Amino acid sequence: MGDDPPRFESDLVDVGGLDLDLLVTMQDTVLAQAIRRVLRAAECPDEATLGFQQSI
Amino acid sequence: MISHTVVPSLPSQHSTSPIRQYVLKVHSRCNLACDYCYVYQLADQSWRQQPLRMSSDTVSLAADRIAEHAERHQLSAVGIVLHGGEPLLAGGSFFSRAARILRGRLPSATTATLTVQSNGVLLDEPLLDVLGEHEISVAVSLDGGPAAHDRHRRYPNGRGSYADVERGLSLLMSPAWRRLFAGLLCTVDLSQEPVGLYEHLLRFSPPRMDFLLPLGNWSARPPARTDDPASTPYADWLEAVFDRWYSAPNQETELRLFREIIHLLLGGVSYFEGIGLAPVSVAVIEADGAIEQTDALKSAYQDAASTGMHIATNSIDDLLAHPAVMSRQSGLVALADQCRSCPVRRVCGGGFYPHRYRQDEGFSNPSVYCPDLLALIRRIRQRLESDVRRLTGLVG
Numbered sequence: 000m001g002d003d004p005p006r007f008e009s010d011l012v013d014v015g016g017l018d019l020d021l022l023v024t025m026q027d028t029v030l031a032q033a034i035r036r037v038l039r040a041a042e043c044p045d046e047a048t049l050g051f052q053q054s055i
Numbered sequence: 000m001i002s003h004t005v006v007p008s009l010p011s012q013h014s015t016s017p018i019r020q021y022v023l024k025v026h027s028r029c030n031l032a033c034d035y036c037y038v039y040q041l042a043d044q045s046w047r048q049q050p051l052r053m054s055s056d057t058v059s060l061a062a063d064r065i066a067e068h069a070e071r072h073q074l075s076a077v078g079i080v081l082h083g084g085e086p087l088l089a090g091g092s093f094f095s096r097a098a099r100i101l102r103g104r105l106p107s108a109t110t111a112t113l114t115v116q117s118n119g120v121l122l123d124e125p126l127l128d129v130l131g132e133h134e135i136s137v138a139v140s141l142d143g144g145p146a147a148h149d150r151h152r153r154y155p156n157g158r159g160s161y162a163d164v165e166r167g168l169s170l171l172m173s174p175a176w177r178r179l180f181a182g183l184l185c186t187v188d189l190s191q192e193p194v195g196l197y198e199h200l201l202r203f204s205p206p207r208m209d210f211l212l213p214l215g216n217w218s219a220r221p222p223a224r225t226d227d228p229a230s231t232p233y234a235d236w237l238e239a240v241f242d243r244w245y246s247a248p249n250q251e252t253e254l255r256l257f258r259e260i261i262h263l264l265l266g267g268v269s270y271f272e273g274i275g276l277a278p279v280s281v282a283v284i285e286a287d288g289a290i291e292q293t294d295a296l297k298s299a300y301q302d303a304a305s306t307g308m309h310i311a312t313n314s315i316d317d318l319l320a321h322p323a324v325m326s327r328q329s330g331l332v333a334l335a336d337q338c339r340s341c342p343v344r345r346v347c348g349g350g351f352y353p354h355r356y357r358q359d360e361g362f363s364n365p366s367v368y369c370p371d372l373l374a375l376i377r378r379i380r381q382r383l384e385s386d387v388r389r390l391t392g393l394v395g
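Chains A and B are the protein sequences, given in the same order. Just so we're aligned, residue 0 is where the first sequence starts under numbering that gives the first Met the number 0, counting upward by one. Just so we're aligned, residue 0 is where the second sequence starts under numbering that gives the first Met the number 0, counting upward by one.
Derived by calculation from the structure, the hints in this document are not laboratory data. There could be a bad hint or two in this list.
[As the list claims (entries may be wrong)] Quick list of simulated restraints, FRET-style, between CB atoms:
| id | chain 1 | residue 1 | chain 2 | residue 2 | range |
| --- | --- | --- | --- | --- | --- |
| 1 | B | E198 | A | D20 | 29 to 39 angstroms |
| 2 | B | S230 | A | A40 | 44 to 54 angstroms |
| 3 | B | Q48 | A | L21 | 55 to 65 angstroms |
| 4 | B | H133 | A | R36 | 25 to 35 angstroms |
| 5 | B | Q48 | A | L11 | 43 to 53 angstroms |
| 6 | B | S204 | A | L21 | 24 to 34 angstroms |
| 7 | A | L38 | B | E360 | 23 to 33 angstroms |
| 8 | B | S204 | A | Q26 | 34 to 44 angstroms |
| 9 | B | A219 | A | D20 | 49 to 59 angstroms |
| 10 | B | R207 | A | A47 | 26 to 36 angstroms |
| 11 | B | D226 | A | T24 | 44 to 54 angstroms |
[Stated by the list, open to error] A partial selection of chain B residues facing chain A, derived with a Cβ cut-off under 8 angstroms:
| id | residue |
| --- | --- |
| 12 | G90 |
| 13 | S204 |
| 14 | R207 |
| 15 | E238 |
| 16 | L264 |
| 17 | S269 |
| 18 | G275 |
| 19 | S280 |
| 20 | R380 |
| 21 | D386 |
Since the structure is predicted, the reported quantities are computational estimates derived from the model, not experimental observations. Ideal Cβ placement from N, Cα and C applies to all residues, glycine included.
With these hints in hand, go ahead and build the complete structure from the sequences.
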């Protein structure tokens, strides 16, 4: 809410220090999959658009 | 009451994104009478004027418009959601015919992904054979176990639908049709225990699922969503599910809302309209051929999703010039002042558009779920940041 003072200036989580080789050995956790997804998106960016919420 | 054309003013130079996803309302009636349904139970009653089923002529016209737009914008892929009402009421022969028409009209360079979003009670072997023959994926709405599901999702006579959905899902999970299973959609009910409910849904091994916040707005508040900004019942409920989902040694299913929040927090972009600032890329084609905006807007007021356009007379490019669509493709500039200065604006994106409505003001408001969205995003960010710091060796 707007009444709360901002607790961080950027909403991004800094993953700059992550060892990418570590991802290969990590279990298939949610975090590992999420980082792999970001790396894939960085390699093959496409136009981002928002799809329909009331279906999956 | 205000018109759907009351939208934030936008810069005169505004680029548009093509429509990549189409929602075809192939049947306008339903065999269930769910108490929260935005098509039948909330503000808009336009379904009463719709034909029961989309005709073959309307499917053909829609296919031509989709193909025309795909060719003009050189789209390599489009998504088509066969929706309702309950779309499976249209019958197997309809899906066979519709799939052939929709795919057959597309340019050779464009592929179509077809999905049917169903309540699941009509799934049987002959219908699944037809859907499988045409590679039409099946997503099912399921609100938890028998008690949770049957609390809301009942037949008109009051009988619960869980047993029939479970039977349909068991067929969909079998080897013959498993590849068609797109996932589960569940509407949040705060009275249900969140982790037990999530684990019940996991029993069906859905490849993906999502929890939808109940439709509501500032003038028709969702259950328990009070004025108190310190109260975050939906964030609390969802956080319990998040912790269970996130902590699994191996990801058990894709959970769309959390997956997209994490992706945004890591620098990516979201791909569904519940969260994020990317341009909305959805067109709804009603059973009579009317072109509309996302149909959950019907929860706000009568004809809220209407554009006045029809596939017989309008192209999909015409829709891109509609003020409401332009607004929803404008990102940060179209948000309320309060949202534009919010520290999580890029992730939240103002929340789901129908949740922003306030009678006499329109949609230039934060989401009615603003306190919950802010709390949920912050908690997920804290969890992510903690884990990333641990992995980078800065802590622990």
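ask   = Which of the numbered hints are not met once you compare them with the structure shown?
value = 2, 7, 8, 10, 12, 13, 15
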